[in-house]
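In numbering that gives the first Met the number 0, the protein residues as written are 0 to 221.
Hints are computed from structural coordinates only; laboratory data are not their basis. Incorrect hints may appear among the rest.
Unchecked claim - Calculated cross-link-like contacts (lysine-lysine; reagent style DSS-like; alpha-carbon spacing at most 25 Å): (1) Lys181 <-> Lys166; (2) Lys107 <-> Lys173; (3) Lys150 <-> Lys202; (4) Lys181 <-> Lys218; (5) Lys69 <-> Lys23; (6) Lys69 <-> Lys107; (7) Lys107 <-> Lys50; (8) Lys23 <-> Lys92; (9) Lys92 <-> Lys22; (10) Lys92 <-> Lys50; (11) Lys202 <-> Lys185; (12) Lys22 <-> Lys69; (13) Lys69 <-> Lys92; (14) Lys59 <-> Lys92; (15) Lys150 <-> Lys218; (16) Lys107 <-> Lys68; (17) Lys92 <-> Lys68; (18) Lys45 <-> Lys92; (19) Lys154 <-> Lys173.
To be verified - Derived CB-CB ranges, DEER-like: (20) Asp186 <-> Ser4: 49 to 57 Å; (21) Asn41 <-> Asp200: 36 to 44 Å; (22) Ile56 <-> Thr219: 17 to 25 Å; (23) Val156 <-> Ser65: 30 to 38 Å; (24) Ile99 <-> Asn41: 43 to 51 Å; (25) Ser25 <-> Gly152: 34 to 42 Å; (26) Ser25 <-> Glu117: 35 to 43 Å; (27) Ser217 <-> Ser4: 37 to 45 Å; (28) Glu87 <-> Gln220: 25 to 33 Å; (29) His105 <-> Asn135: 32 to 40 Å; (30) Gly161 <-> Thr198: 12 to 20 Å.
Even for Gly, the Cβ is constructed at its ideal location relative to N, Cα and C.
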Amino acid sequence: MKTLSYTEENYLKALYHLSSQGKKVSTNALADNMNTTPASVNDMLKRLSQKNLITHIKYKGATISSSGKKAALKVIRKHRLWEVFLVETLGFKWDEVHEIAEQLEHIKSPLLVERLDEFLGHPIMDPHGDPIPDENGDFSVGPSHPLSELKVGEKGVVISVGNDDPKLLQYLDKINIHLGSKMMVKDIVEFDNSFEVETDDSKNLFLSNQIANLLLISKTQN
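Model the full structure from these sequences, guided by the hints.
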């Protein structure tokens, strides 16, 4: 495969995420995601289609191909490895690394990525709990549920955050919620579906339904 431009890689990554449920991605959805115009999206989709990285039917949306998915996962792998490096080695906070990793993910050297993976000890999760694909694009994800799906009395451990918006991550830091935090649902407020939870440091917190949707939990019995 010929070397892809930064923009082509960004489009493939967006298509991979938007089509993760196997659905076709509309031009408008992609334009919103990429913060650009539908006309610009159509031009790029033609380019990617000519390279057999996607299948695009006008007015019916685009589907990423197996080769396109492979290319996207390479970019995602680099992004998440760099996030681990920035947090664990350079001391960045988890809310500071996304934009920097967006730049570093386009480095082309496979040897550098291999050495980075070795240096970090072959991590399988990034600082936000997202899985890191291996060199073949494979990764495993254990069972998880949004906190919003738990019932009163159910317990779990935070294993991922479904959004890397710095404002969200800063707020979670402020209320001392991080990966590995244990919590039990004490009450669900009927009026707005907000959640009262007890954390592992015996504090009671009230979380909006929006935040409860973004905290991915691995259920526990104890």
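Checklist entry - In this structure, is the beta-carbon distance linking Asn41 and Asp200 contained in 36 to 44 Å? => result 52 Å, violated
Item to check | Satisfaction of hint between Lys173 and Lys107, Cα-Cα up to 25 Å | outcome: Not OK: Lys107 and Lys173 at ~37 Å, beyond 25 Å, violated.
Next on the checklist: Just to be sure I understand the hint, the distance between the Cβ atoms of His105 and Asn135 should be within 32 to 40 Å; is that true here?
Outcome noted: 20 Å, violated
Checklist entry - Falls inside 17 to 25 Å, the C-beta gap from Ile56 to Thr219? => result Distance hint for Ile56, Thr219 is violated at roughly 45 Å.
Checklist entry - For the pair Glu87 and Gln220, does the Cβ-Cβ distance stay inside 25 to 33 Å? => result 31 Å, holds
Next on the checklist: Need the status of pair Lys107, Lys50: alpha-carbon distance at most 25 Å?
Outcome noted: Cα-Cα ~19 Å, so holds.
Checklist entry - CA of Lys69 to CA of Lys107, is that 25 Å or under? => result 15 Å, holds
Checklist entry - When you check the alpha-carbon spacing of Lys150 and Lys202, does it fall within 25 Å? => result 19 Å, holds
Next on the checklist: Given the hint of 12 to 20 Å, is the C-beta distance from Gly161 to Thr198 inside that range or not?
Outcome noted: 19 Å, holds
Item to check | Given hint Lys218 paired with Lys181 - CA-CA distance at most 25 Å | outcome: 10 Å, holds
Checklist entry - If you draw a straight line from the CA of Lys59 to the CA of Lys92, is it 25 Å or shorter? => result At roughly 41 Å apart (the allowed maximum being 25 Å), Lys92 and Lys59 break the hint.
Checklist entry - Between Lys202 and Lys185, is the straight-line Cα distance small enough, at 25 Å or below? => result 11 Å, holds
Taken one by one, the earlier hints fail for this structure at numbers 2, 8, 9, 10, 13, 14, 17, 18, 21, 22, 24 and 29, listed in ascending order.
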